[in-house]
Amino acid sequence: MSDALVIAGKSYESRLLVGTGKYKDFAETRAAIDASGTEIVTVAIRRTNIGQNANEPSLLDYLPPAEFTYLPNTAGCYSADDAIRTLRLARELLDDHRLVKLEVLGDPNTLYPNVTETIAAAKVLVKEGFEVMVYTSDDPIIARQLEEIGCVAVMPLASLIGSGMGILNPWNLQIIIESAKIPVLVDAGVGCASDAAIAMELGCAGVLMNTAIAAARDPVLMAGAMKKAVEAGRESFLAGRMAKKLYSASPSSPTTGMIG
Amino acid sequence: MSDALVIAGKSYESRLLVGTGKYKDFAETRAAIDASGTEIVTVAIRRTNIGQNANEPSLLDYLPPAEFTYLPNTAGCYSADDAIRTLRLARELLDDHRLVKLEVLGDPNTLYPNVTETIAAAKVLVKEGFEVMVYTSDDPIIARQLEEIGCVAVMPLASLIGSGMGILNPWNLQIIIESAKIPVLVDAGVGCASDAAIAMELGCAGVLMNTAIAAARDPVLMAGAMKKAVEAGRESFLAGRMAKKLYSASPSSPTTGMIG
Amino acid sequence: MSDALVIAGKSYESRLLVGTGKYKDFAETRAAIDASGTEIVTVAIRRTNIGQNANEPSLLDYLPPAEFTYLPNTAGCYSADDAIRTLRLARELLDDHRLVKLEVLGDPNTLYPNVTETIAAAKVLVKEGFEVMVYTSDDPIIARQLEEIGCVAVMPLASLIGSGMGILNPWNLQIIIESAKIPVLVDAGVGCASDAAIAMELGCAGVLMNTAIAAARDPVLMAGAMKKAVEAGRESFLAGRMAKKLYSASPSSPTTGMIG
Amino acid sequence: MSDALVIAGKSYESRLLVGTGKYKDFAETRAAIDASGTEIVTVAIRRTNIGQNANEPSLLDYLPPAEFTYLPNTAGCYSADDAIRTLRLARELLDDHRLVKLEVLGDPNTLYPNVTETIAAAKVLVKEGFEVMVYTSDDPIIARQLEEIGCVAVMPLASLIGSGMGILNPWNLQIIIESAKIPVLVDAGVGCASDAAIAMELGCAGVLMNTAIAAARDPVLMAGAMKKAVEAGRESFLAGRMAKKLYSASPSSPTTGMIG
Amino acid sequence: MKSGMQILVNGKAMQLPSEAMTVMALVEHMQLTGKRIAVERNGDIVPRSQFHAVQLQGNDKLEIVGAVGGG
Amino acid sequence: MKSGMQILVNGKAMQLPSEAMTVMALVEHMQLTGKRIAVERNGDIVPRSQFHAVQLQGNDKLEIVGAVGGG
Amino acid sequence: MKSGMQILVNGKAMQLPSEAMTVMALVEHMQLTGKRIAVERNGDIVPRSQFHAVQLQGNDKLEIVGAVGGG
Amino acid sequence: MKSGMQILVNGKAMQLPSEAMTVMALVEHMQLTGKRIAVERNGDIVPRSQFHAVQLQGNDKLEIVGAVGGG
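Protein chains in written order, with the numbering used here: chain A, 1 to 260; chain B, 1 to 260; chain C, 1 to 260; chain D, 1 to 260; chain E, 1 to 71; chain F, 1 to 71; chain G, 1 to 71; chain H, 1 to 71.
So that you can see chain A by itself, here it is in the shape it has in the complex:
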């Protein structure tokens, strides 16, 4: 059964997107990325350290852009303008790369998205030809507005970035998923494998995570767990779960033919 994730016209086998921050070193980053089976990795754009050793290895040496789809983000940006400038630099940096993750934060304590600034940035970026995967709140109306603007994917939070609290409001995600025509990915908040499975069972097209893997005691083992959890959740969604019923539990064994 082919069940590809299609974003901006490109197909991906894996529905798990992974961030590259917070790992012990580049070797662990690569090992975790490999274990996760991801095809799309997020990267941040930062100033080069003036006068740094020109020969020290960089992330790109460990994760060659030829092997992965890069998803440059705007982590740390608190205004539409900063986010736009950051992604223009990313586009130039990655040879006219257009697929980007837009996030505009509202508050350094919660890292909750600033949806009004996010909308302002999305309008400009879409006009400039970017393929915008947008991090947002679980507000269904904002999600719809971002889709109307022309974003290629909406990525509501499950819970606060780096919190690992899991999916706090599955009902809002459900509303977003049922009305969206573009892929809906859960971004931020996933803390363990079951969180990822739940997101997929809700009907999400994919899950993006970083801390849940990087901050696990064993990041590489957790990366593999997440790969299986996303696949399990997707297949569970496609297989059509049994109906829930508190009462009249029904036995799995025949009720006749009992010895007497």
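Hints in this document: simulated from the structure, not taken from any laboratory.
Each hint should be verified, as a subset may be incorrect.
PhoX-like cross-link-like pairs, simulated, lysine-lysine; straight-line CA separation at most 25 Å [claimed, not checked]:
no. : chain 1 : residue 1 : chain 2 : residue 2
1   : C       : Lys24     : D       : Lys244
2   : B       : Lys244    : B       : Lys127
3   : B       : Lys245    : C       : Lys244
4   : B       : Lys245    : C       : Lys245
5   : B       : Lys123    : B       : Lys245
6   : A       : Lys244    : B       : Lys24
7   : B       : Lys24     : F       : Lys35
8   : B       : Lys123    : D       : Lys123
9   : A       : Lys244    : D       : Lys245
10  : D       : Lys245    : A       : Lys245
11  : C       : Lys24     : D       : Lys123
12  : A       : Lys245    : D       : Lys244
13  : D       : Lys24     : G       : Lys12
14  : D       : Lys24     : C       : Lys244
15  : D       : Lys24     : C       : Lys245
16  : A       : Lys123    : C       : Lys123
17  : A       : Lys245    : B       : Lys24
18  : H       : Lys35     : H       : Lys61
19  : C       : Lys24     : B       : Lys244
20  : E       : Lys35     : E       : Lys61
21  : C       : Lys181    : C       : Lys245
22  : A       : Lys24     : B       : Lys10
23  : B       : Lys123    : A       : Lys24
Everything numeric in this text was worked out from a predicted model, so none of it was measured.
Given the structure of chain A, go ahead and fit chains B, C, D, E, F, G and H onto it with the hints provided.
Just chains B, C, D, E, F, G and H now, with coordinates in the frame of chain A:
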């Protein structure tokens, strides 16, 4: 990493146990069992139909005892005596097979276990040399008593048999798991893949299910989802999840080097 | 203990605000309002029926503005402009009444707020001297922006209007409450008394509801239940609840002096 | 509307039962008991301190048995025998008082009930003419057995004694309540006012608590909150809550007559 | 040729008997006198105190509203 | 007068042709030969190895079971 | 040779001055007169009405209890 | 009087040896040749293809960035 499930001294690679009831036909039963990767299948003991066609195929033709570890159960028994007689027959039926699933029900509407009758049956069966995997409530004291009697595994319910309600009281399961020295498996109530993953993340040694697979729209696909979910949950448990923190969300990207 | 709710400089004894829609008749409306002990009632602004019987009683005959603080709302408005015009009419209608409930909806199916239009309307209304109590999502950044604009109270939803689903995301409400300097009231979604108590225990300044009372089998009895629930939740919040601890349960009776 | 709680043929106005342990002093105990409006107070039976000052005041001086219905408990008993002897002493101590709270614990760490010992004790006590209100787990079959033995009320835990975790498994409580013909009271685990309201909304006949009041920052204020919460929850149950519906939220204001 | 004029009230066309009518006259004409209402004319509020002074024009767009039960 | 005897098999009365029948004979009579079954006679297990040796008596109560799908 | 006798009260050994003591006398001896207490002697309740009549024996095991705060 | 000029690179003032320097020259000067970087000059992107052509001016504000690990 070898991480076998050991029950009564025997090792199993798979931590998923699957029931063989409620499938469309034996072919679907076999396909689902294969997709689940299970090594232990539960079967019920029932009166042979007098005068039935002696040549019609039986479950054992599709699931040869040579390929699987059979776990005969006492489904449908409402007294210790019926359960004991049923398992003595099972032992003879399966050539002095000693590994059995004891369940004594308290009520046909809820199928909730009758723990007092269960304890009475367990005492007799253990004395007779049975290796008893016992279905019980999530009462930590009863679980401890069943362990003291000599059961080889305690299998508390997640929720009512056939309900698919998932894990209603993870706290009790946690108490049972933390104090038990024998394997604790969740039996009954799992409805979808994430339920199985949650059970394993709680530290369960395994999960036993039937309806969640057999009553899915696509049982074979769901069986595969459950295989991955149990593995994902187990690895997530072993990998050591990140700490949850509602507040002070921490970014996955560097907070320095922002463009200005 | 005086523990008044202060909104726009005016004190209220009751922290329960009640809507006046959906009742069987005006008599039931009045009976429920009385049972609730509320001092603030919301009303909608609608076109007068041309050629209606000039003598038929109106809501105001049953709830004299002299006895209650009216809170005209913009229910049914999907744009800032409609909301602004509606509240200007309300202000004139109620003799330069300035305390209003602003709500701008984003979608007739979910009635989820359109926060961008809400912000646009709030800016105009505050400038015009309205005291704006604003219905919004549980987005902490939007809540902060509405406070900065000069609204006198932010009223995030617990769940969708008329859904009775209760508080779906207490964590977001907690974030809003902890950072807001103006009263935070839960508006929409409360379905039963415990929902109201939970909202108050989170630290909400008050609760606004309509359907939970009007759609109960016995609205007047439920109105009384809500009065007690809001008071109970408030006092529970002020009394400082015991710490939660799953483990090492501590007995309420002495552990010494047991007979032996 | 008269809505008395009837236990063993005696009517009570209050559905809140309160323990007398863990307070700062007897004065606070009395103040909290008064604020709670309870008519039934639990007490423990303990050895008199040999050679203690014969004149120091006792609990009974502050809570005269003439004013309250005493409910002597067996807190701290881990065997049927200890519980039976303790209650025989209580009966003599309180002048042939027959209404008692039976609890037999299974484990000093969790204080979880030992239901097999509890059943054994209940059989003896009922035969001896005691009116047994029995603390038990949330096992519906055990609850039914205790009712069949002749207990006058079953009191399942919401969560562990002294934990304040609230109602961990409302579904089991629901099953118990729907099948029981005797009053079902939640005993243990309530931590705040909303917990008590939820228990009553489930259809409980009453709630018994101690730590939630005694361990609050302000026990007397919390006692009043609990009084209101139990009443609110009861009225909310009797009033018949609105139906929950995630979707098609329905506005509380008319959808016609909008200005245009 | 017919006298009077047509205006739009609450979204419905209304034929008025005369060309010289105030908001006050309209309110009486509509039997709303004494009712608690508010009036918007062509997008602007007409204060009650001005009902007697404001002359209606042909094609005026009026909104006449009251308070009803709502949440 | 009729020969044979009556026994109870799986809760149903069964008339046997002869008074001298072993469990083995009954199994053949019921066409269950070769099937994986287990037999309880009057509450006690009859090991398969003893089918040929155990003589049935009138009014014996037998349970003959097999394994079926169950969870 | 010493007179009196030893009994066990609430788990503690107690030396009594005399060999002829009733429960009543013990209660007075322990300054518990007038207190609301209950007494168990060797596993059986001693009704308050019988305090004066029940003679203590050496090695009697007594439990003397009262009501205290508890939940 | 001193030659060269001062510009702002990544928020830090930098004194350049000459007044005639291209972005390319700056990149070499900073030992970033061959590194995957992107440059913004006074708010506008400088395409890598234009590094050799773009002359720096005094007080130019440059941002020179690369990709790092992030989520």
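Discussion item. Are any of the numbered hints broken by this structure? If so, which, sorted upward?
Written reply: 2, 5, 11, 13, 19, 21, 22 and 23
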